[in-house]
Structures are given as C-alpha cells and as structure tokens.
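S.K.: Take the sequences, apply the hints, and build the full model.
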Amino acid sequence: MQKRAIVTLDKIISGAADVFFKVGYDAASIAAIAESAGATKGALYFHFSSKEELARAVIDQGHRVSSLGAQQILETTDSPVETMMLMCADLANGLVNDPLVRAGIRLTTGGPIFDPPTRAPYDDWLQTFEHLVRRAVEAGELAPATDPAKLAHFIIPSFTGIQLLSDVLTGMDDLMDRVREMWEFLLPSVAAPDRLDTLSALLPEVFVRRGGAGVQR
1 MQKRAIVTLD
11 KIISGAADVF
21 FKVGYDAASI
31 AAIAESAGAT
41 KGALYFHFSS
51 KEELARAVID
61 QGHRVSSLGA
71 QQILETTDSP
81 VETMMLMCAD
91 LANGLVNDPL
101 VRAGIRLTTG
111 GPIFDPPTRA
121 PYDDWLQTFE
131 HLVRRAVEAG
141 ELAPATDPAK
151 LAHFIIPSFT
161 GIQLLSDVLT
171 GMDDLMDRVR
181 EMWEFLLPSV
191 AAPDRLDTLS
201 ALLPEVFVRR
211 GGAGVQR
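In terms of full-length UniProt numbering, the sequence shown has 177 at position 177, counting the first letter as 1, and numbering is strictly consecutive.
Worth flagging that the hints you see were computed from the coordinates, not collected in a lab. A hint or two may mislead.
[Stated by the list, open to error] With a cut-off of at most 25 Å between alpha-carbon atoms, the simulated DSS-like pairs for lysine-lysine come out as follows:
1) 51 - 41
2) 41 - 11
3) 11 - 22
4) 51 - 11
5) 22 - 41
6) 22 - 51
Computed from a prediction, not measured in an experiment: that's the story for all the values here.
M.R.: Quick look at the structure:
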C-alpha cells in the first residue's frame, strides 16, 4: 500500500473511532465518519466495504494499541500480580486518554452489534490473565488453591463492569480509583498471606490518578 493510502487509512480509522465513541455504532453514519476523518466517501469505501468492517477495524486497532502496552509490561515486570495490576491500570489509562482504545471498548461492550460477535479481545485478555494467575501461584504470590481460569474470569468481567459504570456515572473520571479499589478488595482474598502486605504496597504507585497509569505509552 502506498504511503498516502496508509495515511488516509489511519485517518479514516481515527475519524471512525471518534464518531463511534460519541454516538455509538447505530447512530454513526458514513457521512459523519468521512467528515470526521477529513476524507471523501469514495476514499472510505476504497478501504472499507461497510460500516461493520470499519467498526471491526477500530476494535482491532484499539486492541492492538492496548496489547502493545500489555506486552511492554510483560517484558519489564517480574511479579505476575504486579503485571496484572499494571495491565489493568494501563488499559484504564487508555480508556480515558486514547481515542482508539476507548472507541474499540465501547463497540465491544455495547451489546451484540455484530454476527458473529467480536470476542477476540476478551479471549485474549482472559488467556493472558489465566497465564499470569498460574505464574503468580507458582511464584508464591497467590494462594496455592487459586484457580487460574476462575480468577481470570472474575477479573476481566469485573474490570469491564467497572469501566461501564464509571463511564455512566463520571465519564470515566474516577476509573483509575475504581479499578484500584477492585484490587484492594481482591488481594486479601487471593494473595498468599506472607505476600499480602508487599502486594498491597504496590497499589499507590500502580494506580496513579493523573491521566497516567503505571506504564506510559
């Protein structure tokens, strides 16, 4: 693809993210997306055959951005529990500050828009956290009886519910605080007793509320 076409493609996806986030999938029109992107309808249809294809591209790009942040955390953090907390903080930061991340999440949490539904981002996060929980048990950070799959299936839906309610009540202004509270309640239930104080002490530095999380992009 020529450089100009790549630039146009990026502009269209960014413009679509802005419109989808503001008005939702159903109310978003191709005309509004083209206007937001500063592109013609012809250019938009050159890259995407439908609004659904464009929405899926926004979801994919948003997940790619958040996955890059998660990968950076994986490569630079030794503690599996700290890694999970940092990933939650980084995703919360993206939901507040990154247009692609917040639009992608809104499209995947707005109900069954597509057939089949877009579940790949959720599968990815669930698998990642299940792996990290297993590592945390092996490292002695979490209690030996902790079930990796069950805990992963608790953390990811809990985060999703927290961000949805935070969006409704405060426009996500309190999201970092609410995600920190989730971990404050969770750690005493799953942490190995001799690691609880150490892990709890990480919370203030991981969940920093000033538009930034533990990892900066």
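S.K.: Run every hint past the structure and note whether it holds.
M.R.: These are the hints, each one checked on the structure:
1. 51 - 41: Holds. Residue 51 to residue 41 sits at ~12 Å (cutoff 25 Å).
2. 41 - 11: holds (13 Å)
3. 11 - 22: OK: residue 11 and residue 22 at ~17 Å, within 25 Å.
4. 51 - 11: holds (15 Å)
5. 22 - 41: holds (20 Å)
6. 22 - 51: The hint holds at about 15 Å.
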